[in-house]
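Participant: Could you put together the complete structure from these sequences and hints?
2 protein chains.
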Amino acid sequence: MRIRVAVDAMGGDYMPDCNVDGALKAISETEDVEVTLVGKEEQILPLLEGKEYPKDRLKILNASETILTGESPVSAIQRKKDSSMVVGLKLLSDGQADAFISAGSTGALLVGGQTIAGRIPGIKRSPLAVLLPTTKGTSVILDAGANVDAKPENLVQFAVMGSLYAKEVLKIEDPSVGLVNIGTEEEKGNELTRTTFPLLKECPDIRFIGNAEARDIPFGAADVYVCEAFTGNVVLKMYEGVAKALLSQIKETLMSSLRGKIGGAIIKPSLSGLKKRFDSSENGGAPMLGLKGLVIKAHGNSTADQIRNAILQCIDFTRSDMKTKITEKLGR
Amino acid sequence: MRIRVAVDAMGGDYMPDCNVDGALKAISETEDVEVTLVGKEEQILPLLEGKEYPKDRLKILNASETILTGESPVSAIQRKKDSSMVVGLKLLSDGQADAFISAGSTGALLVGGQTIAGRIPGIKRSPLAVLLPTTKGTSVILDAGANVDAKPENLVQFAVMGSLYAKEVLKIEDPSVGLVNIGTEEEKGNELTRTTFPLLKECPDIRFIGNAEARDIPFGAADVYVCEAFTGNVVLKMYEGVAKALLSQIKETLMSSLRGKIGGAIIKPSLSGLKKRFDSSENGGAPMLGLKGLVIKAHGNSTADQIRNAILQCIDFTRSDMKTKITEKLGR
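Top line first, the protein sequences correspond to chains A and B.
Per my numbering, the first sequence starts with residue 22, numbered consecutively.
Per my numbering, the second sequence starts with residue 22, numbered consecutively.
If you are wondering where the hints come from, they were derived from the structure by calculation, not from laboratory data.
Just to be clear, a hint being listed does not mean it is correct.
A pair holds if it fits inside one copy or across any two, identical chains being indistinguishable in the list.
EDC-like, lysine to aspartate or glutamate: derived pairs with alpha carbons at most 20 Å apart [to be verified]: (1) 209 - 92; (2) 80 - 189; (3) 157 - 261; (4) 61 - 38; (5) 346 - 189; (6) 157 - 273.
Facilitator: Written out as structure tokens, the structure is:
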């Protein structure tokens, strides 16, 4: 089965160029995927001119509007009916695409994903599952999307969906689940974590290992970290901020002495890969879990390679049939 | 005026040795301070044997019990009346000490600080203010203590007290205040931050600069960061965790090649200071703000130097008369 991926050509910092290039890269690498670029035809067509590619696996669907990152998500999705995001999500809900990828407004995509693509019946909230680099490999944290002030029962659903994602797509065997908290003991935390803990403990569909303290997250204390979105966003952004600040300080310290400059020049090649590995934006994209179709949020500053990664990621995700598996566990 | 500091001799990973040594260091450096070591006399006395120090500025107050870190804070404070922590806090509430420092159970100290030392009338909750290293210098985050599920009016008090602390003790002129949030726009965040934002905006006693995203915290986006304690703890522990994980990965990467080993040996001296700077535990201690007396939480793994720092810190704090200044702004 060929996977049909709709790509928001107008989302992200380097649109439409990187989005178009990413699509070209993906379809040239495997015959298993076909892409529909959704967006302003007059901007997309010139980028394809003179390029060789399998024409039957790259389509363009014109959409005259673009949702900007500053706009209010709810009203943007409601008003801009002919935006690349709304048109792309409709392809998904109409069954004409298996997946939709956007590097555009996260807020609008989260709203549009739930309202246009729609949740699987029984799923109360759809979390954004983001991959985190750790010293052991990769973990996944959810929700890192919009479900702030989530309820305990939402977090339990996140845990089940996150476990399925880790197992079926990331191929982590028997993934462990940790509740992001500020202490390891059961009674630690705020009202939400204290109420959620016993529910996770009793949940038969996950391997719950208890609370995970933030300081252990970068060391891969669990495969799946569960939290509401405020905490998830703080964790992700601290990851980004501390790593960047530390690396910039290292650079500055080294450049301030001749000895440092010499040493720095020697170690530079060893460290360049590391910097990339600790930058969570390097991953292809983050899926919204629990929707009827696959919606992937690509990082706002996605390059062509990252868009390509996000497209190829849709193949495994769709073939692992997450929708059926989530429905079996949580659907009604 | 000589500042009278009570030190919990039985708190912390290296007690009582480091606590006693830290006290000796502090009193040998300045005549402005006198210390009462509170704890088990039979363990403290042998450590002082044969040492030369100004005897009139170092006392021992026997306390037969010790509160352990695993104990339930509330019941420990209630039951262990003769613990070093309870006895030390009573010195403070009786006016026989100006400050109390403990590297012991954070939870117990936070409970004991509020119930034994007591809050300034008008202060609803007492936050723990922790210093954060940034690329620009030092910022302070509060609450990083126990006030999870705090209310908007609590956060406003935290902001006012944090500003006073930054100005009067850290000597930051006209300190800026940021609300820790997951986006910069006013309407971003969870119910707590959305309700708190307008209150901070209207507060005449602070220079509020809006929301501070977690990723900008390590770059010193604000001098004072305000949040409830769950978020504060996640920020602090991510700081610690990411920095540690990244540095360990750098080391591992360098050690895996000859080139890396050579470069690593050359840069080692430049980087050792940096590692220390990014470790927030290097700071002396964190004050609880809004109490009638000064209560300082020293890091659990405090060395003698850190205990010394915490003791010396009490001089500036007490002389700046924070209590009067907080009472002027928030007391009733």
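Participant: Is it within a copy, between copies, both, or neither that the alpha carbon of residue 157 lies no farther than 20 Å from that of residue 261?
Facilitator: both (18 Å within a copy, 17 Å between copies)
Participant: Are the CA atoms of residue 61 and residue 38 at most 20 Å apart within a copy, between copies, both, or neither?
Facilitator: within (12 Å within a copy, 71 Å between copies)
Participant: Within, between, both or neither: how does the pair residue 157, residue 273 come out at a Cα-Cα threshold of 20 Å?
Facilitator: between (28 Å within a copy, 12 Å between copies)
Participant: Regarding residue 209 and residue 92, is the shortest C-alpha distance of 20 Å or less found within a copy, between copies, in both, or in neither?
Facilitator: between (38 Å within a copy, 12 Å between copies)
Participant: Regarding residue 346 and residue 189, is the shortest C-alpha distance of 20 Å or less found within a copy, between copies, in both, or in neither?
Facilitator: within (9 Å within a copy, 59 Å between copies)
Participant: What label fits residue 80 with residue 189 when the C-alpha limit is 20 Å: within, between, both, or neither?
Facilitator: neither (30 Å within a copy, 64 Å between copies)
Of the hints listed earlier, the one the structure fails to meet is number 2.
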